[in-house]
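Colleague: Respectively, the protein sequence lines represent chains U and A. Under my numbering, the very last position in the first sequence is 396; numbers go up by exactly one each time. Under my numbering, the very last position in the second sequence is 336; numbers go up by exactly one each time.
Check the hints yourself; a few may be wrong.
To be verified - Derived SDA-like pairs: lysine to any residue, alpha-carbon spacing no greater than 25 Å straight-line:
1) 129/A x 265/U
2) 177/U x 256/A
3) 305/A x 265/U
4) 139/U x 195/U
5) 305/A x 256/A
6) 139/U x 37/U
7) 305/A x 210/U
8) 139/U x 226/U
9) 129/A x 366/U
10) 177/U x 131/A
11) 305/A x 291/A
12) 129/A x 222/A
13) 177/U x 132/A
14) 177/U x 47/U
15) 129/A x 139/U
16) 64/U x 47/U
17) 129/A x 62/U
18) 305/A x 180/U
As the list claims (entries may be wrong) - To be clear about the criterion: a stretch of chain A counts as covered by chain U if any three or more of its residues have a C-beta under 8 Å from a C-beta of chain U, and this derived list gives those stretches:
19) 45-56
20) 197-208
21) 246-257
These are computed hints drawn from the structure, not numbers from a lab. Cβ coordinates follow ideal geometry from the N, Cα and C atoms, glycine included.
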Amino acid sequence: MTTPAASAWSRAAAALRRSARLQLLAFAAVLVAAQLLTRAGGKEFLLTQLTMAGYYTLVVLGLSLLMGHAGQISIGHAGFFAIGGYASAFLTTLDLSASRRLPVVALLERLHLLVARKDLYGGEALGVEPWAAFLVAVGLTALVAVAIGVPVLRLKGHYLAMATLAFGTIVGSVVVGTQRLGAADGISGVPPFEVLPGLRVMGGAAGRVANYYVAWGLVALAMLLLLNLIRSRTGRALRALHGAEEAAAAMGVDVARLKLQVFVLSAMIAGVAGAFLTHFNGGIGPSEASILKSVRYVAIVAVGGMGSLWGTLATSAVLSFLSLRGTFGSHDDAVFGVILVAVMLLAPDGILSADLRALWRRIAPAPRSREETPR
Amino acid sequence: MTSGLLLQYVVAGLTYGAIYAVVGIGFNIIYNATGIINFAQGEFAMLGGMIAWTLHHLVPLPLAVAGAVLGTMVVGALVEMTFIRWLYKPSVLRMIVITIGVSILIREAALAAWGESVRALPYFTGSEVSAIELLGARISPQVLWTLSTGAVIVGFLVVFFEYTRVGREMRACAQNRDAAALCGLPVRNLVTLSFVLSAGIGALAGCVVSPITYTSYGVGAGLAIKGFTVAILGGLGNSLAAVAAGLVVGLLESFSVVFLPTAFKDTVSLTILLAILVLRPAGLFGSREAARLKAF
């Protein structure tokens with residue numbers, strides 16, 4: 022009973038499932054449609070939160086690769102986000118104008134790695150050029166990820182979870198305890214980041230549309246990278262690693278190296294997101310480094326379906342946007358907690374994969390035998 | 041450093057160490073029964089302090105503390121029955137995420153119930169200024185309460201697991217769950233009991249330490265990480281070693297203030313945690329001998 026229209030529809034759906042290029046095209050169409058909708062509805066201010074949601078989505082995508090594909094949990098990704106963000110903020114808000122006489126400083130200024138800007142009081146301040154700061158920030162994130170990853174990724178299960186949690190907590194308390202990083206106030210007054218000539222990552226109504234596309238363009242870029250990665254030889258090795266680490270190792274997969282690469286990649290993505298969002302917001306505070314943020318990222322990955330990149334992207338876009346709009350009010354963290362627990366209890370493979378019939382059977386179970394006690 | 045000051049640091053370290061040890065033992069009890077690390081462990085101590093604070097407005101202190109312990113035990117049972125009991129062979133990742141979610145739920149519920157402000161129970165005997173002179177150090181009576189409560193909890197658990205029928209059944213369940221079930225032990229109920237027990241001792245610890253450290257809705261996470269550090273340091277599942285490990289961590293933290301700014305006090309135990317996880321995941325006492333001692 023298939024009508025021609027229905028079969029064309031199902032053929033299109035099948036093609037979409039197969040081709041990453043088509044998926045990205047569809048994604049681009051959705052992005053443009055969303056932007057045009059906000060314009061048509063006269064609600065362009067919504068783009069600000071959408072932009073921020075884009076950067077958080079970036080973090081979550083990297084984490085989805087790590088958790089869903091490599092099977093390694095990290096409850097410390099806010100730490101990497103914060104390292105990227107704080108490094109950018111610290112370097113670009115430096116004032117070296119007093120040490121201009123030092124040869125190093127003079128050289129750096131000649132190389133345009135240091136740029137002058139107006140400070141709060143109208144004077145001149147000499148800080149690191151945002152692109153240079155960005156590269157240093159991402160490099161630093163990668164370095165820390167390697168330093169943490171090498172020892173910690175040997176651990177499994179609870180141990181890995183606690184170790185990454187400890188890392189995240191350490192970053193959080195160092196940030197709060199360090200005067201040079203603004204302690205509890207964080208760093209503000211971060212200058213705009215001129216990504217390309219004329220294209221500035223910064224807040225304010227003027228660059229709203231451009232910034233929306235910068236953020237979601239980065240998400241699309243990450244998506245392209247990750248989709249290709251998981252369809253490659255590396256991706257198959259990752260799935261083998263997730264399924265059975267010993268078997269993967271026996272088949273010649275360099276397990277330790279692979280885990281580390283994925284860990285560092287996902288940390289760097291978080292660092293990039295941190296740096297961009299810091300420039301967009303014009304500052305960063307210690308709440309970005311908090312454990313609750315890390316838990317929130319894990320929650321979004323869990324809800325999106327571990328390893329389903331598109332599911333994670335959609336979940337993150339919706340939940341981050343609603344949260345940033347203040348939809349959940351003061352119950353923000355509670356909402357994420359409830360979502361996290363409910364999804365993990367009822368649909369551990371993600372909300373899109375919820376099998377409602379099986380769910381019903383579990384809620385109203387037939388009498389079970391005793392051997393089935395959970396372990 | 042004078043001997044008096046030295047002693048002061050030692051006593052402070054032992055006080056915190058005793059609390060960490062009790063929280064660490066709480067981890068171990070549940071871990072032994074289920075193989076789960078309960079990330080919501082610290083919230084039990086927080087709930088203990090908070091419930092006791094509320095009850096103290098209505099009834100005398102000993103009753104309030106008893107009520108808080110009982111109330112938290114009920115919460116522990118509810119957590120197990122709602123979130124854990126009916127899962128069929130959950131993966132480790134799933135259990136981690138669920139218990140983290142539960143800890144957020146308890147914390148947010150506490151925020152809704154008690155608000156953001158910091159509470160403290162009154163001193164059990166004396167007041168904040170009363171002190172006992174000992175070798176030049178001034179020791180608050182509450183410190184003695186804390187230390188002795190820690191000792192009583194440990195003593196109670198030793199007796200419970202060695203000499204009572206239920207305690208021995210729990211150990212059987214910890215050793216080999218399937219065999220225990222085959223012998224007719226009510227394995228599921230024993231798991232619930234492990235949550236109840238763990239919640240109870242956590243709450244009691246949370247009560248005795250409340251006058252010294254104060255309680256607010258957010259203290260659970262920090263305590264959980266410290267308790268886990270202690271449990272790992274002693275070797276997961278080995279509770280007598282956790283007592284020693286607790287005192288070690290408490291002392292290290294206390295003396296770190298001499299060398300580091302106070303803001304970094306928490307990073308000390310976290311660094312210990314990372315180092316132990318990486319260098320000796322079986323714990324300091326993780327040897328065959330310790331495995332033999334793995335009573336509770």
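Colleague: Compare the structure with each hint and give your call.
Modeller: Verification of the supplied hints:
A hinted pair counts as satisfied when its Cα atoms are at most 25 Å apart, and residue 129/A with residue 265/U qualifies at roughly 17 Å. In summary, the hint linking residue 177/U to residue 256/A is not supported, as the alpha carbons are separated by about 32 Å, beyond the 25 Å threshold. Restraint check for residue 305/A and residue 265/U: not satisfied, since their Cα atoms lie roughly 40 Å apart, outside the 25 Å limit. At roughly 29 Å between alpha-carbon atoms, residue 139/U and residue 195/U are farther apart than 25 Å, so this suggested pair is violated.
Among the hinted pairs, residue 305/A with residue 256/A is consistent with the structure: their alpha-carbon atoms are about 19 Å apart, no more than 25 Å. A C-alpha spacing of about 50 Å is found between residue 139/U and residue 37/U, which places the hinted pair above 25 Å, so the restraint is violated. Taken as a hint, the residue 305/A and residue 210/U pair is broken in the structure, with Cα atoms around 30 Å apart against an allowance of 25 Å. Only pairs whose Cα atoms come within 25 Å are accepted, and residue 139/U paired with residue 226/U is accepted, the gap being roughly 21 Å.
Between residue 129/A and residue 366/U, the direct Cα distance comes to roughly 12 Å. Compliance with the 25 Å bound is thereby established for this hinted pair. This hinted pair checks out: residue 177/U and residue 131/A have alpha carbons roughly 12 Å apart, not beyond 25 Å. Taking the CA atoms of residue 305/A and residue 291/A, the gap is near 11 Å; set against the 25 Å cutoff, the hint holds. For a cut-off of 25 Å, the pair hint linking residue 129/A to residue 222/A stands: about 18 Å separates their Cα positions.
Between residue 177/U and residue 132/A the CA atoms are separated by roughly 9 Å; this keeps the pair inside 25 Å, and the hint holds. Restraint check for residue 177/U and residue 47/U: not satisfied, since their Cα atoms lie roughly 38 Å apart, outside the 25 Å limit. At most 25 Å may separate the alpha-carbon atoms for a hinted pair to count; residue 129/A and residue 139/U exceed this at roughly 61 Å. Distance hint between residue 64/U and residue 47/U is fulfilled; the C-alpha atoms sit about 23 Å from each other, no more than 25 Å.
For the hint linking residue 129/A to residue 62/U, the alpha-carbon distance of about 49 Å lies beyond 25 Å, and the restraint is violated. Annotation: proposed proximity of residue 305/A to residue 180/U holds, straight-line Cα distance about 22 Å (limit 25 Å). Counting residues of the segment 45-56 of chain A whose C-beta sits closer than 8 Å to any C-beta of chain U gives 0, which falls short of three, so the coverage hint is violated. For the segment 197-208 of chain A, the assignment as covered by chain U is violated, since 0 residues bring a beta-carbon within under 8 Å of that chain's beta-carbons and 3 are needed.
Coverage of the segment 246-257 of chain A by chain U is violated. Counting CB-CB distances below 8 Å, 0 residues qualify, and the rule asks for three or more.
Hints 2, 3, 4, 6, 7, 14, 15, 17, 19, 20 and 21, counting from the list given before, are not met by this structure.
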